[in-house]
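Q: So the chains spell out like this:
There are 6 protein chains.
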Amino acid sequence: MRLSTRNQLRATVQEVTEGSVMATVKLALGDGQTMTAAVTREAVADLGLAPGDAVTVLVKATEVMLGKE
Amino acid sequence: MRLSTRNQLRATVQEVTEGSVMATVKLALGDGQTMTAAVTREAVADLGLAPGDAVTVLVKATEVMLGKE
Amino acid sequence: MRLSTRNQLRATVQEVTEGSVMATVKLALGDGQTMTAAVTREAVADLGLAPGDAVTVLVKATEVMLGKE
Amino acid sequence: MRLSTRNQLRATVQEVTEGSVMATVKLALGDGQTMTAAVTREAVADLGLAPGDAVTVLVKATEVMLGKE
Amino acid sequence: MRLSTRNQLRATVQEVTEGSVMATVKLALGDGQTMTAAVTREAVADLGLAPGDAVTVLVKATEVMLGKE
Amino acid sequence: MRLSTRNQLRATVQEVTEGSVMATVKLALGDGQTMTAAVTREAVADLGLAPGDAVTVLVKATEVMLGKE
Numbered sequence: 001m002r003l004s005t006r007n008q009l010r011a012t013v014q015e016v017t018e019g020s021v022m023a024t025v026k027l028a029l030g031d032g033q034t035m036t037a038a039v040t041r042e043a044v045a046d047l048g049l050a051p052g053d054a055v056t057v058l059v060k061a062t063e064v065m066l067g068k069e
Numbered sequence: 101m102r103l104s105t106r107n108q109l110r111a112t113v114q115e116v117t118e119g120s121v122m123a124t125v126k127l128a129l130g131d132g133q134t135m136t137a138a139v140t141r142e143a144v145a146d147l148g149l150a151p152g153d154a155v156t157v158l159v160k161a162t163e164v165m166l167g168k169e
Numbered sequence: 201m202r203l204s205t206r207n208q209l210r211a212t213v214q215e216v217t218e219g220s221v222m223a224t225v226k227l228a229l230g231d232g233q234t235m236t237a238a239v240t241r242e243a244v245a246d247l248g249l250a251p252g253d254a255v256t257v258l259v260k261a262t263e264v265m266l267g268k269e
Numbered sequence: 301m302r303l304s305t306r307n308q309l310r311a312t313v314q315e316v317t318e319g320s321v322m323a324t325v326k327l328a329l330g331d332g333q334t335m336t337a338a339v340t341r342e343a344v345a346d347l348g349l350a351p352g353d354a355v356t357v358l359v360k361a362t363e364v365m366l367g368k369e
Numbered sequence: 401m402r403l404s405t406r407n408q409l410r411a412t413v414q415e416v417t418e419g420s421v422m423a424t425v426k427l428a429l430g431d432g433q434t435m436t437a438a439v440t441r442e443a444v445a446d447l448g449l450a451p452g453d454a455v456t457v458l459v460k461a462t463e464v465m466l467g468k469e
Numbered sequence: 501m502r503l504s505t506r507n508q509l510r511a512t513v514q515e516v517t518e519g520s521v522m523a524t525v526k527l528a529l530g531d532g533q534t535m536t537a538a539v540t541r542e543a544v545a546d547l548g549l550a551p552g553d554a555v556t557v558l559v560k561a562t563e564v565m566l567g568k569e
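Line by line, the protein sequences give chains E, S, P, B, L and Y.
Numbering-wise (the working numbering), the first sequence opens with residue 1 and increments by one.
Numbering-wise (the working numbering), the second sequence opens with residue 101 and increments by one.
Numbering-wise (the working numbering), the third sequence opens with residue 201 and increments by one.
Numbering-wise (the working numbering), the fourth sequence opens with residue 301 and increments by one.
Numbering-wise (the working numbering), the fifth sequence opens with residue 401 and increments by one.
Numbering-wise (the working numbering), the sixth sequence opens with residue 501 and increments by one.
Do not take every clue at face value.
[Unchecked claim] Quick list of in silico lysine-lysine cross-link-like pairs, DSS-like style, CA-CA up to 25 Å:
{"#": "1", "chain 1": "Y", "residue 1": "LYS568", "chain 2": "L", "residue 2": "LYS426"}
{"#": "2", "chain 1": "B", "residue 1": "LYS368", "chain 2": "S", "residue 2": "LYS168"}
{"#": "3", "chain 1": "L", "residue 1": "LYS426", "chain 2": "E", "residue 2": "LYS26"}
{"#": "4", "chain 1": "Y", "residue 1": "LYS526", "chain 2": "L", "residue 2": "LYS468"}
{"#": "5", "chain 1": "E", "residue 1": "LYS68", "chain 2": "S", "residue 2": "LYS126"}
{"#": "6", "chain 1": "P", "residue 1": "LYS268", "chain 2": "Y", "residue 2": "LYS526"}
{"#": "7", "chain 1": "Y", "residue 1": "LYS568", "chain 2": "P", "residue 2": "LYS226"}
{"#": "8", "chain 1": "B", "residue 1": "LYS326", "chain 2": "P", "residue 2": "LYS268"}
{"#": "9", "chain 1": "S", "residue 1": "LYS126", "chain 2": "B", "residue 2": "LYS368"}
{"#": "10", "chain 1": "E", "residue 1": "LYS26", "chain 2": "L", "residue 2": "LYS468"}
{"#": "11", "chain 1": "P", "residue 1": "LYS268", "chain 2": "Y", "residue 2": "LYS568"}
{"#": "12", "chain 1": "P", "residue 1": "LYS226", "chain 2": "B", "residue 2": "LYS368"}
{"#": "13", "chain 1": "S", "residue 1": "LYS168", "chain 2": "E", "residue 2": "LYS26"}
{"#": "14", "chain 1": "B", "residue 1": "LYS326", "chain 2": "S", "residue 2": "LYS168"}
{"#": "15", "chain 1": "E", "residue 1": "LYS68", "chain 2": "L", "residue 2": "LYS468"}
No lab work stands behind these hints, which were simulated from the structure alone.
Work the whole structure out from these sequences, hints included.
A: Shown next, in the form of structure tokens:
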């Protein structure tokens, strides 16, 4: 399935922290920069997310903001 | 100002396409991966965004999704 | 690719309206209810979206609100 | 109050799972498709959400993504 | 209809700028602070939004970020 | 750093409620209206958010909806 989602970055799962209904997933990009995703705990279980997994980080273009010095 | 926003990536502006009220900004990350931001045209003017600009890409953790093969 | 995105609805494209950088896509669900997606014009071109297309509507769970009478 | 929110779907609450500050709500649409909303626990209490409730699912058009085979 | 949406602010429309498919709406809060909403052009037409209108600004709690000096 | 984020409101933290991975922050605007932010617990710790803190509330324009009677 091809997605309208403009941002699709290759990343590796570093750490998964599960809360009661939400979870946070730490991710490493190829250039060493890191990202954090807050998803439902159900999604983590559904995908079987664990450290070391190769994943695609997806972000809709309308959700991206920019900062400039 | 420190931000609650968990995702702050260094990037370079590649291209700015301005529409009537919105604009899209193409961005290059350090590892060659690209991103697209859809922001208001006013924001582009306000920051004076142009190709070559060093910017910070900001995405709230709750906006990040994951895909796994 | 399996997605963390909790909401994945089957729908049919009814109408595509392209603006300068954004586009709106009207969608019909199986029970006759309709939805609207605002995506980049580039995404519409990339997926070749046109009336009659069978698509999957994707919405992250954190983006869903509820109203009750 | 009329809303700018383009997506307003009729649904029935199937299950409410409350975490410490967030909650997930499982919803059934008329055609059998299901949705999940991640809202604050306070919102669940405020609306008194419980299985069987008729609700309106609200999603802003800019939050909708599309996938196509 | 009561909404799960945690942020509901009273505001007055100051200016509406319509693009091809999107529109931006400038808003004034009671304490003089201003806000901007980017909604579909269809939503502006549907609500008949015009300067001087009393409106409610709606923002889901998961969309709010914080900055601290 | 200047931000593309169109909505930047001055507010004061009233209450912080920490869950397992998420947290909600109650905020007071200058005109007495209140807001709620749902951010990661990590962000709360990172900014050291506590009642009485002067903060900037940040909301992307594409996340703002409007209601009209």
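Q: Hint by hint, say whether it matches the structure.
A: Hint check results:
1. Only pairs whose Cα atoms come within 25 Å are accepted, and Y:LYS568 paired with L:LYS426 is accepted, the gap being roughly 15 Å.
2. This hinted pair checks out: B:LYS368 and S:LYS168 have alpha carbons roughly 17 Å apart, not beyond 25 Å.
3. The suggested pairing of L:LYS426 with E:LYS26 is violated, with an alpha-carbon distance near 37 Å, which exceeds 25 Å.
4. Using a Cα cut-off of 25 Å, the hinted pair Y:LYS526 and L:LYS468 holds, with the two alpha carbons roughly 15 Å apart.
5. At roughly 15 Å between alpha-carbon atoms, E:LYS68 and S:LYS126 fall within 25 Å of each other, so this suggested pair holds.
6. For the given pair, P:LYS268 sits about 23 Å from Y:LYS526 by alpha-carbon distance, which is consistent with the 25 Å threshold.
7. A C-alpha spacing of about 23 Å is found between Y:LYS568 and P:LYS226, which places the hinted pair at or below 25 Å, so the restraint holds.
8. Restraint check for B:LYS326 and P:LYS268: the C-alpha separation of about 15 Å stays at or below 25 Å, so the hint holds.
9. Between S:LYS126 and B:LYS368 the CA atoms are separated by roughly 23 Å; this keeps the pair inside 25 Å, and the hint holds.
10. Proximity of E:LYS26 to L:LYS468 is assessed by CA-CA distance (about 23 Å); at most 25 Å being required, the pair is judged to hold.
11. Of the supplied pair hints, the one linking P:LYS268 and Y:LYS568 holds, its CA atoms being roughly 17 Å apart against a limit of 25 Å.
12. Restraint check for P:LYS226 and B:LYS368: the C-alpha separation of about 15 Å stays at or below 25 Å, so the hint holds.
13. Taking the CA atoms of S:LYS168 and E:LYS26, the gap is about 15 Å. The hint holds against a cut of 25 Å.
14. Distance check on the hinted pair: B:LYS326 and S:LYS168 sit about 23 Å apart at the alpha-carbon level, within 25 Å; holds.
15. At most 25 Å may separate the alpha-carbon atoms for a hinted pair to count; E:LYS68 and L:LYS468 meet this at roughly 17 Å.
When held up to the earlier numbered hints, the structure conflicts with hint 3 and nothing else.
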